[in-house]
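*Asks:* Chain by chain, the residues run as shown.
There are 4 protein chains.
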Amino acid sequence: MPKKPGKNKYSPHFLKRDAVQGFTEYCGLTSVSMEPGRFVTRIKIEKHHLQQDGFVHAGVIATMADHTAGYASFTLIPEDKVILTVEYKINFLRPASGDFLECRAKVINQGKSILVCESEVYSIAEGNEDMVAKAMLTMASVSKERVREK
Amino acid sequence: MPKKPGKNKYSPHFLKRDAVQGFTEYCGLTSVSMEPGRFVTRIKIEKHHLQQDGFVHAGVIATMADHTAGYASFTLIPEDKVILTVEYKINFLRPASGDFLECRAKVINQGKSILVCESEVYSIAEGNEDMVAKAMLTMASVSKERVREK
Amino acid sequence: MPKKPGKNKYSPHFLKRDAVQGFTEYCGLTSVSMEPGRFVTRIKIEKHHLQQDGFVHAGVIATMADHTAGYASFTLIPEDKVILTVEYKINFLRPASGDFLECRAKVINQGKSILVCESEVYSIAEGNEDMVAKAMLTMASVSKERVREK
Amino acid sequence: MPKKPGKNKYSPHFLKRDAVQGFTEYCGLTSVSMEPGRFVTRIKIEKHHLQQDGFVHAGVIATMADHTAGYASFTLIPEDKVILTVEYKINFLRPASGDFLECRAKVINQGKSILVCESEVYSIAEGNEDMVAKAMLTMASVSKERVREK
Numbered sequence: 001m002p003k004k005p006g007k008n009k010y011s012p013h014f015l016k017r018d019a020v021q022g023f024t025e026y027c028g029l030t031s032v033s034m035e036p037g038r039f040v041t042r043i044k045i046e047k048h049h050l051q052q053d054g055f056v057h058a059g060v061i062a063t064m065a066d067h068t069a070g071y072a073s074f075t076l077i078p079e080d081k082v083i084l085t086v087e088y089k090i091n092f093l094r095p096a097s098g099d100f101l102e103c104r105a106k107v108i109n110q111g112k113s114i115l116v117c118e119s120e121v122y123s124i125a126e127g128n129e130d131m132v133a134k135a136m137l138t139m140a141s142v143s144k145e146r147v148r149e150k
Numbered sequence: 001m002p003k004k005p006g007k008n009k010y011s012p013h014f015l016k017r018d019a020v021q022g023f024t025e026y027c028g029l030t031s032v033s034m035e036p037g038r039f040v041t042r043i044k045i046e047k048h049h050l051q052q053d054g055f056v057h058a059g060v061i062a063t064m065a066d067h068t069a070g071y072a073s074f075t076l077i078p079e080d081k082v083i084l085t086v087e088y089k090i091n092f093l094r095p096a097s098g099d100f101l102e103c104r105a106k107v108i109n110q111g112k113s114i115l116v117c118e119s120e121v122y123s124i125a126e127g128n129e130d131m132v133a134k135a136m137l138t139m140a141s142v143s144k145e146r147v148r149e150k
Numbered sequence: 001m002p003k004k005p006g007k008n009k010y011s012p013h014f015l016k017r018d019a020v021q022g023f024t025e026y027c028g029l030t031s032v033s034m035e036p037g038r039f040v041t042r043i044k045i046e047k048h049h050l051q052q053d054g055f056v057h058a059g060v061i062a063t064m065a066d067h068t069a070g071y072a073s074f075t076l077i078p079e080d081k082v083i084l085t086v087e088y089k090i091n092f093l094r095p096a097s098g099d100f101l102e103c104r105a106k107v108i109n110q111g112k113s114i115l116v117c118e119s120e121v122y123s124i125a126e127g128n129e130d131m132v133a134k135a136m137l138t139m140a141s142v143s144k145e146r147v148r149e150k
Numbered sequence: 001m002p003k004k005p006g007k008n009k010y011s012p013h014f015l016k017r018d019a020v021q022g023f024t025e026y027c028g029l030t031s032v033s034m035e036p037g038r039f040v041t042r043i044k045i046e047k048h049h050l051q052q053d054g055f056v057h058a059g060v061i062a063t064m065a066d067h068t069a070g071y072a073s074f075t076l077i078p079e080d081k082v083i084l085t086v087e088y089k090i091n092f093l094r095p096a097s098g099d100f101l102e103c104r105a106k107v108i109n110q111g112k113s114i115l116v117c118e119s120e121v122y123s124i125a126e127g128n129e130d131m132v133a134k135a136m137l138t139m140a141s142v143s144k145e146r147v148r149e150k
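Chains as they are written, first to last, in our numbering: chain B, 1 to 150; chain R, 1 to 150; chain L, 1 to 150; chain C, 1 to 150.
If you are wondering where the hints come from, they were derived from the structure by calculation, not from laboratory data.
Keep in mind that the hints are not guaranteed to be accurate.
To be verified - Each pair of labels, with its calculated beta carbon distance range:
1) T30(B) - G111(L): 26 to 36 Å
2) P12(B) - S33(C): 40 to 50 Å
3) V147(B) - K7(C): 55 to 65 Å
4) F14(L) - P36(R): 14 to 24 Å
5) K144(R) - E145(L): 53 to 63 Å
6) K144(L) - D18(B): 34 to 44 Å
7) E145(R) - T30(B): 50 to 60 Å
8) T30(B) - Q21(R): 42 to 52 Å
What the hints assert, rightly or not - Over 10 Å on every C-beta distance to chain B, these chain R residues come out as not near it, computed from the model:
9) G22
10) R42
11) M64
12) N128
13) E129
We put the beta carbon where it would ideally sit given N, CA and C, even for glycine.
With the hints as constraints, model all of the structure from the sequences given.
*Replies:* Written out as structure tokens, the structure reads:
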């Protein structure tokens with residue numbers, strides 16, 4: 001019996017695996033945990049993540065903030081929809097270094113087709129953590145067909 | 001005779017080379033051109049730049065937007081200062097695919113220590129270009145010493 | 001004969017008048033000009049627009065940036081839709097004073113239901129103008145019925 | 001004996017009064033409470049706060065978000081400095097109506113001269129509250145002299 005469109009949600013198992021492919025796999029991202037409206041990821045800091053001053057490049061941090069919020073959103077939508085990032089804003093609070101980065105994202109508001117999220121990125125070294133960036137993101141839930149047309 | 005601090009600007013030759021190292025080298029970024037207050041970069045789109053729907057990951061686009069605006073800012077500051085990204089906001093206008101991405105950044109306002117920039121990212125395929133994202137960025141010009149302390 | 005839904009656009013006459021009511025009328029906003037995808041407004045600077053340091057309050061500038069972009073968006077949508085602001089980001093480039101403020105807004109991308117706009121706000125004194133703020137805004141075009149339900 | 005510059009902080013009494021003048025007084029803003037790094041304000045919703053669809057104008061909400069974050073920042077800086085808004089980003093979560101708006105702002109990171117804040121704006125009607133907007137803001141702490149020059 002076919003599933004009714006729009007009724008089922010993505011499974012945690014699928015999302016944790018789906019979050020790591022293409023660019024995020026290339027960046028070394030791993031899925032840590034998820035619950036409805038929340039997602040956590042990590043990246044072990046390597047030399048190829050750094051910028052000209054020896055800190056983690058803002059692009060790595062922003063990629064985590066965006067991607068993790070996207071998957072926090074995926075936990076709330078039916079399987080015939082996908083999430084696209086409409087826009088986001090990110091503040092960098094201090095230069096990032098350490099052993100790894102952890103990003104914790106949550107959906108703070110779910111509208112009919114727009115989800116608003118927040119992501120906090122922490123640098124972790126020897127058990128101490130510092131918030132290095134915070135982002136506020138607008139996601140759109142769109143039908144799979146509409147994305148394929150583009 | 002030593003240079004006076006704060007008088008000289010970074011040379012174009014240095015900046016075009018300096019922009020490609022660490023994470024941006026890992027992402028395949030190349031410097032295309034620069035003039036005072038402007039910088040242009042490119043990335044040839046590869047499979048490891050994509051996300052789950054087969055489009056270029058927003059993180060690649062955001063990395064270009066941020067980094068290119070940073071180097072547009074570097075063209076305007078003395079050699080004893082460096083640029084740090086305070087924050088930015090980016091809108092994704094359409095899914096990105098094609099042969100390569102080009103980012104064109106410019107400084108739209110230079111204050112005493114804050115520079116405001118805009119970056120436009122285009123996807124280019126068979127000679128046609130589409131703007132896929134636009135960002136507005138706030139950069140801080142800070143002394144090299146202050147960065148090293150962090 | 002009834003108009004087909006979604007076919008007609010708002011008339012310039014209607015929009016220029018509609019833009020000035022409620023809070024914007026209270027703020028002294030006037031419509032200056034419009035063309036498809038663009039709108040221009042002005043506010044004569046009065047004492048009640050200022051903040052604690054004697055400059056125009058950022059809230060006045062942001063109200064103009066948002067409202068003018070909203071009406072630039074209204075020029076492109078059918079009469080059975082209205083514009084709601086999803087979000088925006090605004091940079092304040094310098095403290096604002098002078099005779100009046102002028103805001104020039106334009107739509108830089110029109111998607112199926114999302115419009116991305118830019119607004120520039122200038123302070124004008126004795127014929128000289130300075131850009132005091134720039135904003136990037138995300139607008140949603142939604143049916144009138146959906147707004148009334150809220 | 002003169003106070004040492006940069007040592008004393010603004011008094012709660014002064015800030016609560018200082019927050020209401022010029023444009024914010026014109027908008028009907030009142031100071032509700034403050035503690036270090038936090039500030040709360042309210043506006044009783046009147047007809048002149050509305051926009052064309054009968055909801056509170058986004059400009060009123062943004063003015064509160066910005067101003068309240070500004071005064072949350074003022075609680076943390078010495079008396080020879082003032083706060084200027086560098087930029088902010090605000091998401092509007094739902095149309096706002098009701099009896100009054102309340103804005104709760106807090107400083108989430110204080111750097112040497114940059115403070116990052118968050119503001120949440122709630123509409124309150126018959127004791128129920130809904131978050132109608134959330135903003136993330138970048139403030140600069142600058143010397144009074146530097147502002148006067150501008």
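*Asks:* Hints first: check each against the structure and report whether it holds.
*Replies:* Right, here's what the structure says about each hint:
Our hint of 26 to 36 Å for T30(B) and G111(L) holds, since their Cβ atoms are close to 33 Å apart. The supplied range of 40 to 50 Å is met by P12(B) and S33(C), whose beta-carbon atoms lie about 41 Å from each other. Against the hinted window of 55 to 65 Å, the Cβ-Cβ separation of V147(B) and K7(C) comes to about 57 Å, which satisfies the hint. A hinted range of 14 to 24 Å is violated for the C-beta pair F14(L) and P36(R), which are about 45 Å apart.
Under the hint 53 to 63 Å, the C-beta atoms of K144(R) and E145(L), about 59 Å apart, fit the expected range. Under the hint 34 to 44 Å, the C-beta atoms of K144(L) and D18(B), about 38 Å apart, fit the expected range. Distance hint for E145(R) and T30(B): a CB-CB separation of about 36 Å, inconsistent with the stated range 50 to 60 Å. Checking the proposed 42 to 52 Å range against T30(B) and Q21(R) shows it is violated: the Cβ atoms sit about 25 Å from each other.
A beta-carbon of chain B comes within 10 Å of the beta-carbon of G22(R); the shortest separation is about 4 Å. Taking the minimum C-beta to C-beta distance to chain B, about 15 Å, the non-interface status of R42(R) holds against the 10 Å cut. Non-interface status of M64(R) relative to chain B is broken: a Cβ of that chain comes within 10 Å, the nearest being about 8 Å off. At the 10 Å boundary, the C-beta of N128(R) stays outside the reach of chain B, the nearest C-beta of that chain being 15 Å off.
The Cβ of E129(R) lies farther than 10 Å from every Cβ of chain B, with a closest approach of about 16 Å, so its non-interface assignment holds.
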